[in-house]
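Colleague: Read top to bottom, the protein sequences are chains P and B. Heads up: the first sequence runs through residues 1 to 535, numbered per UniProt numbering. Heads up: the second sequence runs through residues 1 to 305, numbered per UniProt numbering.
Wrong hints could be hidden among the right ones.
[As the list claims (entries may be wrong)] Partial pick of chain P residues on the chain B-facing surface, computed with a CB cut under 10 Å:
1. 55
2. 56
3. 82
4. 84
5. 86
6. 102
7. 104
8. 117
9. 169
10. 274
[What the hints assert, rightly or not] Which chain B residues face chain P? A few, computed with CB under 7 Å, are given here:
11. 92
12. 202
13. 206
14. 208
15. 209
16. 213
17. 219
18. 221
19. 224
20. 297
21. 300
22. 301
FYI, nobody ran anything at the bench for these hints, they're computed from the structure. Yeah, the Cβ is synthetic: ideal placement off N, Cα and C, and Gly gets one too.
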Amino acid sequence: MTALLDINHLNITLRSPNGPLRVVRDLTLELNRGEALGIVGESGSGKSMTALALMRLLPRSAEYQATSMAYDGVQLPDLEDAQFYRSIAGPRIGMIFQEPMTSLNPVYTIGRQMTEASVARGLMSAAAAHKKAVTLLDRVGIPDPEDRMSQYPHQMSGGQRQRVMIAMTLMLDPDLLIADEPTTALDVTVQAQILDLLDDLRRERQMGLILISHDLAVVAQRTDRVAVMFAGELVEQGTAQQVLYAPQHDYTRKLLAAVPRLDGTPGRPAPATPRVEDVIVARDVSRIYTARKGLFGPKRDIKALDGVSLSVKRGETLALIGESGSGKSTLARILLGLDHATSGEIDLIGRPIDQIPPTERAAFVQPVFQDPYTSLNPRRRLSEIISRPLMLRGERDSATNLAAVKEMMERVRLPIRLLHAYPSQLSGGQRQRVAIARALVTRPKALICDEPTSALDVSVQAQILDLLDELRDQMNLTTLLITHDMAVVHQTADRVAVMRNGRIVEEGTASAVLSHPTNDYTARLLEAAPRFETV
Amino acid sequence: MLRYIMLRGCLAILVAFTVSLAAFLLLNVASDPAQAIAGEDATAEVVETIRARYGLDRPLPVRYLDWLGGVVQGDFGESYYWHKPVASLVADRVDETLTLAFSALAVTILIAIPLGALAALNPNSWIDRFALGVAVSAQAIPNFWLGLLMIIFFAVTIPIFPVSGDSTWRHFVLPAFVLGSSSVPAVMRLTRTGLIEVMGADYIRTARSKGFRGWQLLRRHALRNAILPVISVLAVQLGQKFGGSVITESIFAINGLGRLALESILGADIPTVQMLIFVFAIVFVAMNLLADILNAAIDPRIRIG
């Protein structure tokens, strides 16, 4: 039996101003029908480039050569464009991309985008395609699929769009599915549902699956074989068991060591002296948004927060977990003074937040946001970015500001030579360090971190989490950590609050909540979290 | 959607009246209309007679409200020069200008959009450079000069088209080309950048992965997104065609609104000038309104909050 996919000695070269860049070197892979292959590695390791080469989607500046790149015995590079697009892209090889917000065309309805490929190919009638699309939307867990067909992408959340994307790819019944970080944008419970669906399809239809991910836990759970890529090379390949539990290559070991684990005692050890001083206190906070259904529909109230009370004590890390839409980020925005509560009170170190002027508030609480690629101004140098909060407070003495900036850069371990660099010259991990340095330069009492590591690779994530931990001890920082990653909670939190539908459904010490959840929803979240030990 | 259109419509009317007020003030305050009608060496007595005859001795607010009252009823006053109602003067000549403006817009669209699209699909190729050359030249060459060149080449040296006049469609070919070419650079460059941006978008990659390519990919996924900014700019360009027709109509002796504007300015025919400014403003505002509505119809993100 010929393998479904057989890649031999694939090389991909990018033309760049500094000469050609070899992004994939000598890659050899094989995949059989019904088999799942995981490709792991950090960003820039060549995982996605390999997939794009298969789909003829490489950027113009890239070229590839391979001694063999065969799909079901057919050499893909030999096919004419017309033949490739007609017979391979879509009905044979389907691909799911990692950017759910931008991967759907904003001006066409979900229904049209889902059905067009099969109708244009003459595979089925418009009515049959519509029916199939509704069934698939239902299978990927989109509520009211019939109604959703006439909606536009901007009316859906990121997670929903990703599910639409997955359903759309499945419309053409591909024999090989390439999923590039398919669940990175999704909550754990949805993630588990999507991965289950892909598993089922693989069994039902003997579909081959290539799962590209930086999440080792997902890969460990869902694939038969794992390939580890580093700097364009395949450094290790083998069964999931072999690679993840008996790694041969140093890089694989390093990668594995960096993964936050869900085993062992959860949470951090209790401090020697109990923490007493309340830094952030929220009492019965509600936030109500008013929205309209349709153009002329009646007004509706949406309770983003519904009577939330919590307190974070000095030196403590409180992890706030829950699915997207549960109100975590709304709460963070209100605590930062970026939004106002409809009712309820918020105190920062005993003072109501409304009475603290914005310039002063910066010394109490500072944010670190999720996306280090977009939250830094690309036209400012690091020195300006980090000193900005000081300038805004009216501290204009450039010598002291520079000293403060340098001190912070040292604390977050950014080399001082980067002082005059622009964000575009930095890696994702370095950018997040910049964001942390900027947050800490005013010496705030509290940090609010909204998914600070979810855009980063595992090994970088571990470094950032360690850094936050260390800074917390050094500066006696109070941290509110918003995350959907249970393993991160497991590793860094003192206490945990679980949010759902704008309410806190469970709160307690990390070890209590993670080991013996009393709430059904918490139990489900924990159950759905990908982990190594269940392989 | 309906609310959106009504809101924009009200805004449009407001803008039109602001323009009319500005025009009125400019015409009546910046110079003395009675003096202008009478001529430079008229005696004070003649000027006073004229002032009284046309009611120019009344206070400004009264005259503006009087004019406004007429406008609401469709009465734009009587021309000092032709001694006919201004509205009928404009109505007589609007056909020529409409023909010229729309054929010029057609020229712009037919040259700029295909050229911009070809340039976008083959960036940095010879066709892209050629398109850039066309854009730079069209931008650099003034209308009146291009008009004269056209007349020399295509009416005198090789007499394919008539030199001037407006009696047949052949008379409109050269003027439409001249007037249309001035908008080519803006529209072409916008089409090019818009399409390049769209072709690099993630949803185009998605469409490719579903097996769409070439013309199908363009038609199904790229054009509708890329056309959005172009529509807005085309609306402004059409407005400019109306205003820009002053020069082109004079060169080619087309008896349209542009020429009427020129003649009435030279003849100090204030009611006519005033109505023309008002009409040009309305056209501009209406075109922008139309573009907004079209954009909303094409882009659901605008249409559905």
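Colleague: Please list, smallest to largest, the hint numbers that this structure does not respect.
Modeller: 10, 11, 17 and 20
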